[in-house]
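**Q** Chain by chain, the residues:
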Amino acid sequence: MPSPAPRPATLAAALAGLVLAACQPTSPPPAAQTPSPAPTVAPPAAPVQASSERHAPLPPAPRFPAPTGEPIRAQLTSPPEVPPPTSRRAPAKVIVELEVRELVKEISAGVEYTFWTFGGTVPGSFIRIRQGDTVEFHLLNHPSSKMPHNIDLHAVTGPGGGAASSFTAPGHKSRFTFQALNAGLYVYHCATAPVGMHVANGMYGLILVEPPEGLPPVDREYYVMQGDFYTVGKYREKGLQPFDMQKAIEENATYVLFNGAEGALVGDKALQAEPGESVRLYVGNGGPNLVSSFHVIGEIFDRVFYEGGSHWQANVQTTLVPAGGSAIAEFRVDVPGTYVLVDHSIFRAFNKGAVAMLKVGGDAADAAYTGVYSGKEVDEVYLGDLTEDPAPVVAAVEAQQAGNMTLAQQIAAGKALYQGTCSVCHQPDGNGLPNVFPPLAKSDYLMADAERSIAVVLNGLSGPIEVNGAKFDSVMPPMRQLNDDEVANILTFVRNSFGNEGAAVTREQVAKVRASTEAPAGAAH
Amino acid sequence: MKLCAPRPWAPIAVLAILGAGLCMLPAAAARDTPDRVRIPAGEVRPLYRRPPSRRPRGEPAPPTRVDAFLMDRLPVTNADFLAFVKARPEWRRGAAKGLFVDPDYLAHWAGPLTLGDAAAPDAPVVRVSWFAARAYCAARGGRLPTEAEWERAAAAGQKGPDGRGEPGWRETILGWYAKPTPARLPPVGQRPANFHGVHDLHGLVWEWVEDFGATLVTADAREAGDTASLRFCAGGAADATDPEDYAGFMRSAMRSALKARHTTASLGFRCVADLEEASR
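Heads up: the sequence lines are chains A and B, in that order.
Numbering (our numbering) for the first sequence: 1 to 525.
Numbering (our numbering) for the second sequence: 526 to 805.
Hint data in this document are derived by calculation from the structure and do not stem from the laboratory.
The structure displayed is predicted, hence computed values, not measured ones.
It cannot be assumed that every hint is accurate.
In silico contact screen, one side only, chain B against chain A (beta carbon under 10 Å); selected entries [unchecked claim]: (1) L624; (2) D627; (3) G688; (4) R689; (5) E691; (6) P692; (7) W694; (8) E696; (9) K704; (10) T706; (11) A708; (12) T766; (13) M775; (14) S781.
Note that the Cβ used here is the ideal one computed from N, Cα and C, for glycine as well.
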């Protein structure tokens, strides 16, 4: 809640105002910002201020007429759904009933966690009201709950945002009333001590306060909220995982997730849209700790109402969503395909689960070139500086096609390919790196089984192995992009170099292994 | 009322005692028994550094001195409480006055004098109000522990009166909060006793204390202003003695959320008794 600025800050604020006033406005002019206002009996939303008005005193608190008519029961939705627009011309009395449940649910496949929830989901139910509404808020704490809970809605003007008035023991309920003075997209959360643990267990959600004129219509609206989670077990360690207080204090998240579970919005549960449609994402971040670098891979947000406020920025690639804050991202989807929502603090996406999906018009592979995006047009090997003379590769291919390829030709071709593809890890001399990359030179593992070696090249290998008496536990990516000739030549080279002696590996052998084994998920290397 | 009996329910508490026809027994000349163990005198660190509007911010509050007392080794069980309500009809479900118990009082019992499947005889009794718990202890010549007494006993680990340094002690306690309350509570006494010989202070049920309402109470005190009342959020941490005492914060929040007639599915109690003056 704002407090009066201490005196020394006033001058600084004035100076800052001068500096800002001297700058060009970064937002479009007000006329472009405000959708054409619908007729309304209530005062309009506070107009967007031009920078030249920064010296003006703050506008008085908006006043709204007392609600008339019968109270309306708010329609709450579970994520990723959003309730329909209120479509009301005047403020009303709105009754919101939100039930707290403590539930064991999957946080990742085979991993369970005890979530504390508003409405049985993480994030909690989406609440949609109109500026000026008087909200009679009922917080119900289910009898099976172990903990007391309360709610702090950032949309509330008043001490604690409702927290003080909604503290509720298990099996009991509380009620308080507030008027929604400010339009915007606001986070709500539990504020019971220790507050971080309540938030870390999933106790947050969004409440949208529409401006009196409403929001411009779009084809799709979705509710996506990020949160970070801290478990005693490692990422994806199976079983019921308790909350880890120490990791939470250190802000060392085990999971960073959209909508409370890894995979909550992928596959069959992905968000859906059709090409040409407009999409509005209500994006929240519950935290408790991490600020989100929210990004949709392959899309540019046409508009972002940053921080859930009244200004928007155009043409945004990645928008920051603070813990305990929000953003509204709007964009038109043009090209069919799957768009991946990530926290572009990217290790969170790759290693902590911060991935969701938006599927536009089915499978990207079926999409015709529309003039916007072609799909892949070229896919060739590029050896860069590592390549030696490609002549031996060409010679071997020609000889193979003529049916007179020799072992020496295969080895020469394999050597050139090895330099490009393999030597970075296994080293030019085939000795690998101790404890990291296993040696190929005089390697018992390599020479024991030619078919196994083919499979390793095609499909990769991870986990512990023993080579020449030394243990290795690392990851080799699959090299399935190599064709059968290339794999055969590389393996013929390594099995006849670095002190190894063996038979030639044929393209037929490789083809057989390729047909009989399956590439792991994500094998495109 | 041993400690400051706070809050609006204080007059009601007096009424409860009179209304229930109980009288305060003189402190029994209790001794260490198979059911009760002596908790030696000691100190309890308060959860917050600054008692409301008493001392400058940041100045550590003195530890609370706790005299030696006797504490039940085990929480009160369904069987124990059934015997009590058989002897005291006014505390039976349906008969107990709405002023003293909420509508869920003993709701998981099959009947007013029948435990049924959801309430094993050797499981801790839950869904009892502070008034009912208090009456039970008084009838046994004891009383509810004060918050300081309860915290003093519960601070112990396996090896000493302060478990904080013991590996896994905090994690074990926090583990209870990571699991929902099971539909059927397990029996009491299944977990190892702590250093004092007391079982189940952690990991089974919440327990009523005599002065549960005196802790911090009333409102949201992220405001951390003059009232320093209930410290729900970040403002609360500013004055915390140990900001990592999460279980302590949760007990404090739970006590603050309750009213004396409340009952919940995971809230039980145990009794304590005073020692003779000479043996304190």
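**Q** It remains to establish, for every hint, whether it holds in the given structure.
**A** A quick look at each hint next to the structure:
1. Because the smallest distance between the Cβ of B/L624 and any Cβ of chain A comes to about 16 Å, over 10 Å, the interface hint for this residue is violated.
2. Look at B/D627: its Cβ gets to within about 8 Å of chain A, closer than 10 Å, so that hint holds up.
3. For B/G688, the suggested interface contact is broken, since its CB lies about 15 Å from the closest CB of chain A, more than 10 Å.
4. Of the supplied interface hints, the one on B/R689 is violated, with its beta-carbon coming no nearer than about 13 Å to a beta-carbon of chain A, more than 10 Å.
5. A least Cβ separation of about 15 Å between B/E691 and chain A goes past the 10 Å threshold, and the interface hint is therefore violated.
6. The beta carbon of B/P692 comes no nearer than 13 Å to any beta carbon in chain A, farther than 10 Å, and the hint placing it at the interface is violated.
7. Checking B/W694 against chain A: minimum C-beta separation of about 13 Å lies over 10 Å; hint violated.
8. About 7 Å separates the beta-carbon of B/E696 from the nearest beta-carbon of chain A, less than 10 Å, and the hint is met.
9. Annotation: interface hint on B/K704 holds; nearest CB of chain A at approximately 6 Å, less than 10 Å.
10. Taking 10 Å as the C-beta contact cut-off toward chain A, the hint placing B/T706 at the interface holds, the least distance being around 5 Å.
11. Annotation: interface hint on B/A708 holds; nearest CB of chain A at approximately 8 Å, less than 10 Å.
12. With a cut of 10 Å, the hint placing B/T766 at the interface with chain A is violated, because the nearest CB-to-CB distance is about 13 Å.
13. Interface restraint check for B/M775: the shortest CB-CB distance to chain A comes to about 7 Å, inside 10 Å, so the restraint holds.
14. Contact between B/S781 and chain A, as hinted, is supported at the beta carbon level, the nearest pair being about 7 Å apart and thus within 10 Å.
Violated hints for the displayed structure, listed by number in ascending order: 1, 3, 4, 5, 6, 7 and 12.
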